[in-house]
Amino acid sequence: MNSLALPLRVFEYWLMQYRRIWRGSAITSIVNPVFYLGALGVGLGTLVNKSTGNSLGVSYIDFVAPGMLAATAMTVASGEASWPVMGSFKWTRQYFAMLATPLGTRDIVLGHQLWMTARVASTSAVYLAVIAAFGAVNSPFGILALPAAVLLGAAFTTPFAAYAATRESDAAFVPVNRFVVVPMFLFSGTFFPVSRLPLPLEWLAYATPLWHGVELCRMFTLGDVHVLRALGHTVYLLLFVVIGFAWAQRTYAARLLK
Amino acid sequence: MADAAEQLPLVYARGLVKRFDDLVAVDGIDFDVQRGEAFGFLGPNGAGKTSTMRMIGCVSPPSGGTLSILGLDPVTKGADIRARLGVVPQQDTLDMDLTVRENIIIYGRYFGLPRGDLGRRADELIDFVQLSERANDKVEPLSGGMKRRLTIARSLVNDPEVMLLDEPTTGLDPQARHTVWDRLFRLKQRGVTLILTTHYMDEAEQLCDRLVVMDKGKIAAAGSPQELIRRYSTREVVELRFREENRPEEVATELTSQMDGLVRRLESLPDRLLLYTDDGDATASHVHELGLEPESVLVRRSTLEDVFLHLTGRTLVDD
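Those protein sequence lines, which keep their order, are chains A and B. Letter 22 of the first sequence, counting from 1, is numbered 22 in the working numbering, and no numbers are missing. If you want the working numbering, it's the 1-based position in the second sequence plus 1000.
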């Protein structure tokens, strides 16, 4: 496998694009965690802590903050892998511009994936810093929640980009958001343990990549690390990345190299 | 010692085929493009021009036959070939939110050109296509002609040996077309090989040293514009327009019986008669001597359009 030099040229394009909108995006990534952690962690948390009699074992903000971190990584990832991907085929046609140069399909897929990952990483880093400021990072292992969130992001960007490359319009992204992203956001152990779900739904939650990402982030910020379980979650998420990437190379090639 | 690659034509195609499921877009064509020439693919929509260009551009693997570009195999050496090509696609692939200058710079980066040189290079190219005043404007509000010129400037960023231009002036107004032609002509003078598709006959006549007429995936004719006109048309064409009561078909029959010798071929259209002749004026006066009274008589030079319509027919082709 050759170097990253060619994919990084693709990465540079996305960086150039982003320079026009970075201010708004940076503000959002700081304001969002402050609002959510304030409302859910502190506000709702006060109520939850009183009424559950500490059945979570930890304070609600310590429980919900890593869940929110993972859920945010997923949201950023799915957004970055939807419109910009389809738009690069349909609107800016920038993938076709890249393909007319020495860049190939793999460079185009990998370069864009690196960019999406950078977006997930920077948003997650800010999120984690805000969580720390709220006092909800309870262990030095907490820093590992960042690579966990990035890995989770890649488990979404790869298959989502593969799918987006097959779309002729952005209409499909609305149902994907409604029936895939939002239900995961709400029911994959982000806000409450999945053991509270009816049994079939609980099993369904275990199958979602978000649940594995939430568990990873949570064990790191709580400092409650189980190596084997962490490995299991990592492998599960890596599976999504590897399969998603291979699928993306296929769908991109099918569309670019007619 | 001359390299083997130097001996082959710049583009060499034999029995080249492109198939999409059941559709045969390119059906076994042969052609050579020599270094430094301007070579055209002329044909109606759906003739297979764009498919051929995409195969030459190494972004569409051939379904059959032999193809070599710059002496290299497009399937295994695609990236190496593309590094030496300048591509102007049919549909612009500019980023509308970036500026004119940024579009060229980022495209140069795709070729791996050093960032330090690209600013100056971009300014030179922007100047070459006369867009200096708009260099720092976003692309979105530019006119179609300006966008086209930007696409041409951008395609030159890597100093290509060969330019692939797919319908470079479609949709442009006459001034914009002439500006584009002028720039392309200058590139040709500098020794850049031009390969273009067009369905404008005047464009083909202006720019191409040699061309092939494609129809339904095959090459219907090949040669220089003058050769093709000589072979498939006549030096001049007399167009006669008649009032409705004199139906062209009836007049046509009458004329054919009396004018052979002077008129080599006669084509009857619903509203007009076209007389293909080597002496337009003599033919026109003969028409008057015969007592025919057409509403209008036009003597004109034969063009590639006559060749084209003769070879590919007058049926309307949808996209």
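The hints are simulated quantities; they were obtained by calculation from the structure and are not laboratory data. Among the hints, a few may not be true.
[Said to hold, decoys possible] If we take Cβ atoms under 8 Å as the criterion, some of the chain A residues that face chain B in the derived model are:
id	residue
1	M98
2	A100
3	P102
4	R106
[What the hints assert, rightly or not] Listed next, with one range per pair, are the computed distances between beta-carbon atoms:
id	chain 1	residue 1	chain 2	residue 2	range
5	B	M1096	A	R23	55 to 65 Å
6	B	K1218	A	W22	36 to 46 Å
7	B	D1022	A	K90	24 to 34 Å
8	A	R178	B	G1036	24 to 34 Å
9	B	P1270	A	L257	41 to 51 Å
10	B	P1174	A	W91	25 to 35 Å
11	A	A253	B	R1301	30 to 40 Å
[Stated by the list, open to error] Pairs of lysine-lysine residues, derived as DSS-like cross-links and limited to a Cα-Cα distance of at most 30 Å, are as follows:
id	chain 1	residue 1	chain 2	residue 2
12	B	K1188	B	K1147
13	A	K50	B	K1216
14	B	K1188	B	K1218
15	B	K1216	B	K1138
16	B	K1147	A	K50
17	A	K50	A	K258
18	B	K1188	A	K50
19	A	K50	B	K1138
20	B	K1218	A	K50
21	B	K1218	A	K258
22	B	K1077	A	K50
23	A	K258	B	K1216
24	B	K1077	B	K1218
Positions of the beta carbon are idealized from the N, C-alpha and C atoms, including for glycine.
Evaluation of the provided hints:
| no. | hint | verdict |
| --- | --- | --- |
| 1 | M98 | 6 Å, holds |
| 2 | A100 | 4 Å, holds |
| 3 | P102 | 4 Å, holds |
| 4 | R106 | 11 Å, violated |
| 5 | B:M1096 - A:R23: 55 to 65 Å | 20 Å, violated |
| 6 | B:K1218 - A:W22: 36 to 46 Å | 53 Å, violated |
| 7 | B:D1022 - A:K90: 24 to 34 Å | 26 Å, holds |
| 8 | A:R178 - B:G1036: 24 to 34 Å | 58 Å, violated |
| 9 | B:P1270 - A:L257: 41 to 51 Å | 45 Å, holds |
| 10 | B:P1174 - A:W91: 25 to 35 Å | 29 Å, holds |
| 11 | A:A253 - B:R1301: 30 to 40 Å | 48 Å, violated |
| 12 | B:K1188 - B:K1147 | 21 Å, holds |
| 13 | A:K50 - B:K1216 | 78 Å, violated |
| 14 | B:K1188 - B:K1218 | 27 Å, holds |
| 15 | B:K1216 - B:K1138 | 40 Å, violated |
| 16 | B:K1147 - A:K50 | 64 Å, violated |
| 17 | A:K50 - A:K258 | 62 Å, violated |
| 18 | B:K1188 - A:K50 | 81 Å, violated |
| 19 | A:K50 - B:K1138 | 57 Å, violated |
| 20 | B:K1218 - A:K50 | 81 Å, violated |
| 21 | B:K1218 - A:K258 | 20 Å, holds |
| 22 | B:K1077 - A:K50 | 68 Å, violated |
| 23 | A:K258 - B:K1216 | 19 Å, holds |
| 24 | B:K1077 - B:K1218 | 26 Å, holds |
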